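Participant: Sequence:
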Amino acid sequence: MINYARHLILLLSIATIVLPSSSLATMEEEKSQEMARFGMESLHIISDVKTRSLSAENPTGEKGKGAMAVPNPNRQGPQPAGAGCADDLGQGWKVRPFVRVNKGETVTLMDNDGPGIIQHIWLVDGVLGENSLSRSHVLRFYWDRETTPSIEVPVADFFAVGHQTFAPVVSMPVTVHPANSLNCYWQMPFRKHAKITFSNESETDDLPLLAYQITYAETEVSDDAGYLHVQFRRARTGNHNPYVIVDDIRGKGKYVGTFISWSQRDEGWNGITEGEIKFYIDGDKEFPTICGTGTEDYFCHSFGLYADTSSLYTGNKRVSKPGEFPVLWSLYRWHIIDPIYFEKDLKITLQAMGWNKQTGKYRLLDDDIASVAYWYQTEPHAEFSKFPSVEERCKKVKPVAYLMKKIVRVEDAFECESLEILTKSPGTEAVIQDVSGIAIGVNGDKQLWVKPKKKGDYIELSIPSESTGAQSITLYTVKSHDYGILEFSVNGVDIPGTYDSYGTIAQRSDPIKLGEFVPIEGRFVLKVRIAGNNSLARLSGDYYYFGLDCIVLSVD
519 MINYARHLIL
529 LLSIATIVLP
539 SSSLATMEEE
549 KSQEMARFGM
559 ESLHIISDVK
569 TRSLSAENPT
579 GEKGKGAMAV
589 PNPNRQGPQP
599 AGAGCADDLG
609 QGWKVRPFVR
619 VNKGETVTLM
629 DNDGPGIIQH
639 IWLVDGVLGE
649 NSLSRSHVLR
659 FYWDRETTPS
669 IEVPVADFFA
679 VGHQTFAPVV
689 SMPVTVHPAN
699 SLNCYWQMPF
709 RKHAKITFSN
719 ESETDDLPLL
729 AYQITYAETE
739 VSDDAGYLHV
749 QFRRARTGNH
759 NPYVIVDDIR
769 GKGKYVGTFI
779 SWSQRDEGWN
789 GITEGEIKFY
799 IDGDKEFPTI
809 CGTGTEDYFC
819 HSFGLYADTS
829 SLYTGNKRVS
839 KPGEFPVLWS
849 LYRWHIIDPI
859 YFEKDLKITL
869 QAMGWNKQTG
879 KYRLLDDDIA
889 SVAYWYQTEP
899 HAEFSKFPSV
909 EERCKKVKPV
919 AYLMKKIVRV
929 EDAFECESLE
939 ILTKSPGTEA
949 VIQDVSGIAI
959 GVNGDKQLWV
969 KPKKKGDYIE
979 LSIPSESTGA
989 QSITLYTVKS
999 HDYGILEFSV
1009 NGVDIPGTYD
1019 SYGTIAQRSD
1029 PIKLGEFVPI
1039 EGRFVLKVRI
1049 AGNNSLARLS
1059 GDYYYFGLDC
1069 IVLSVD
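If you want this note's numbering, it's the 1-based position in the sequence shown plus 518.
These are calculated hints, taken from the structure and not from any lab test.
Please note that a few of the clues may not be correct.
With beta-carbon atoms standing in for the labels, derived distance ranges [stated by the list, open to error]:
#1 S740 - L561: 16 to 24 Å
#2 G744 - T1016: 40 to 48 Å
#3 V949 - K904: 53 to 61 Å
#4 P686 - T941: 35 to 43 Å
#5 D741 - S571: 21 to 29 Å
#6 L561 - R663: 30 to 38 Å
#7 K621 - S1053: 50 to 58 Å
#8 T683 - A585: 31 to 39 Å
#9 Q594 - V645: 48 to 56 Å
#10 G608 - K770: 37 to 45 Å
#11 D765 - D662: 37 to 45 Å
#12 G878 - G962: 33 to 41 Å
Within a straight-line C-alpha distance of at most 30 Å, the following computed DSBU-like cross-link-like pairs (lysine-lysine) qualify [what the hints assert, rightly or not]:
#13 K772 - K581
#14 K972 - K862
#15 K713 - K772
#16 K865 - K914
#17 K942 - K964
#18 K710 - K862
#19 K803 - K713
#20 K904 - K862
Model, not experiment: these values are computed from the prediction.
We put the beta carbon where it would ideally sit given N, CA and C, even for glycine.
Produce the entire structure from the sequences given, and follow the hints as far as they go.
Facilitator: Quick look at the structure:
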């Protein structure tokens, strides 16, 4: 029932957005103008609009020209995927469903005269995992025979798929399904002509399978209809902060959407969420007309980014797996109900800013951001900023240096999961957990995962020692989003202070120096006790968990 309700809301919303408020009588009058109207409210209206659809099976979209390809058993050279599958069946039996785009090649997907309105694009950018969704693949749209594109964007990013990694999307203008099924419903009017190209700008990899279907209506376009424009950018915020989403919009129009691929190189409270988005409208200089309160707030979340969401107008997807670093976020916000209007120009910036829990202050971030801006405007449009090179678009992001060091194995250490458990509080569970793919830098990819029930619960471990002299004890725990605040004792001696094992990213802690002690009867007894939990950890539930990685004994 929930899915049906969502689809009903979607369809009704389309009707509300696309149609102006007018009576059915007015709609009947406008029908004579042969102008297309789309959505639930107008489904019963009959007009003279003609539907056309372009694909590999009908590259021109002409009436009665689909599925005309003839099998060619004598084909030579590299062929599209599926070539030859219909040789025994003949014409009309899925002879040419795909297009091959070799490295360095550009193919034209649409080259049609207007007037008309593109209603839907379905595209499959390769087989999942085989050079698919690469930012070396670029879409360019040219309206009314302009020589510079109004849309210039990597294929996957146009469909709100970032980081060259598949992730599902369920929204009003964009829907992405497994596997690599990319759909958009942005309405794209054109008056004289529409041209769409697909370029494979890779220097090494061919694309053997490109499938597409572009459906448009042959119809008159109203005088007040704008043209869709889409622009892609990417930058390191250590060099460009605030990050500029777009700053070269000139003309009259409305801003309708933002897609962000954010690579979080550093740790922190969901790392990226403190920066404000700013809209400088119609001549704004130092101060904007519209100013947000935080990155997650702009994408309609609050107090960080937690569960993955995908809804009609907003969505958040953590693309990277728990424990992988950098942390990869994909975020979209469609301004369909709330477009941002401008009369002559528009600039949009986004601060890359996080939280420093040690100082209780904001901090600037050296992260990597790629963005896609969507807007409608009158033509001609201003020249776009330089499109990033294929190397700039596709480069991998590395964590900050000190986090890379955390991945280095701790040598000559006792693994906590192998130590003898002497005692533990009633109800406290302790298990050996494999954290490969979950936590960063944990020795041997295993931890002793301790699950106390309440404050004061504890566990005691025996650390063997062959030496009888004083030794320094260094403990490495594991940090995670639902881990508690710890206090320690060795051989019955309490160690002053506490250690907060909360962290937004599951990873090995920095070294915890417990002090110098003398073993008793060939061992040290380490007691770890829950002293409480962080307020941010409580957002995940009232948990007091903690993880113990390894211990190093040394003689100073």
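Participant: Please go over all the hints and tell whether each is borne out by the structure.
Facilitator: Hint check:
Here the CB-CB span from S740 to L561 is close to 20 Å, well matched to the stated 16 to 24 Å. Under the hint 40 to 48 Å, the C-beta atoms of G744 and T1016, about 59 Å apart, miss the expected range. A C-beta distance of roughly 54 Å is found between V949 and K904, which places it inside the suggested range of 53 to 61 Å. For P686 paired with T941, a C-beta distance near 47 Å fails the hint of 35 to 43 Å.
Against the hinted window of 21 to 29 Å, the Cβ-Cβ separation of D741 and S571 comes to about 27 Å, which satisfies the hint. Distance hint check: the CB atoms of L561 and R663 are about 33 Å apart, consistent with the given range 30 to 38 Å. Between K621 and S1053 the beta carbons are some 52 Å apart, a value that agrees with the proposed interval 50 to 58 Å. Checked against the hint of 31 to 39 Å, the C-beta distance between T683 and A585 comes to roughly 34 Å, which is consistent with it.
In this structure the hint that Q594 and V645 lie 48 to 56 Å apart at CB is violated, the actual value being about 23 Å. For G608 and K770, the hinted distance range of 37 to 45 Å is not satisfied, since their beta carbons lie about 54 Å from each other. Range check, D765 to D662: about 25 Å between beta-carbon atoms, so the 37 to 45 Å window is missed. Between G878 and G962 the Cβ separation comes to about 36 Å, which falls inside the hinted range of 33 to 41 Å.
At roughly 35 Å between alpha-carbon atoms, K772 and K581 are farther apart than 30 Å, so this suggested pair is violated. Annotation: proposed proximity of K972 to K862 is violated, straight-line Cα distance about 60 Å (limit 30 Å). Annotation: proposed proximity of K713 to K772 holds, straight-line Cα distance about 23 Å (limit 30 Å). Among the hinted pairs, K865 with K914 is consistent with the structure: their alpha-carbon atoms are about 28 Å apart, no more than 30 Å.
The hinted pair formed by K942 and K964 meets the criterion: a straight-line CA distance of about 20 Å does not exceed 30 Å. Taking the CA atoms of K710 and K862, the gap is about 24 Å. The hint holds against a cut of 30 Å. Proposed proximity of K803 and K713 is contradicted: the alpha carbons are some 36 Å apart, above 30 Å. At roughly 21 Å between alpha-carbon atoms, K904 and K862 fall within 30 Å of each other, so this suggested pair holds.
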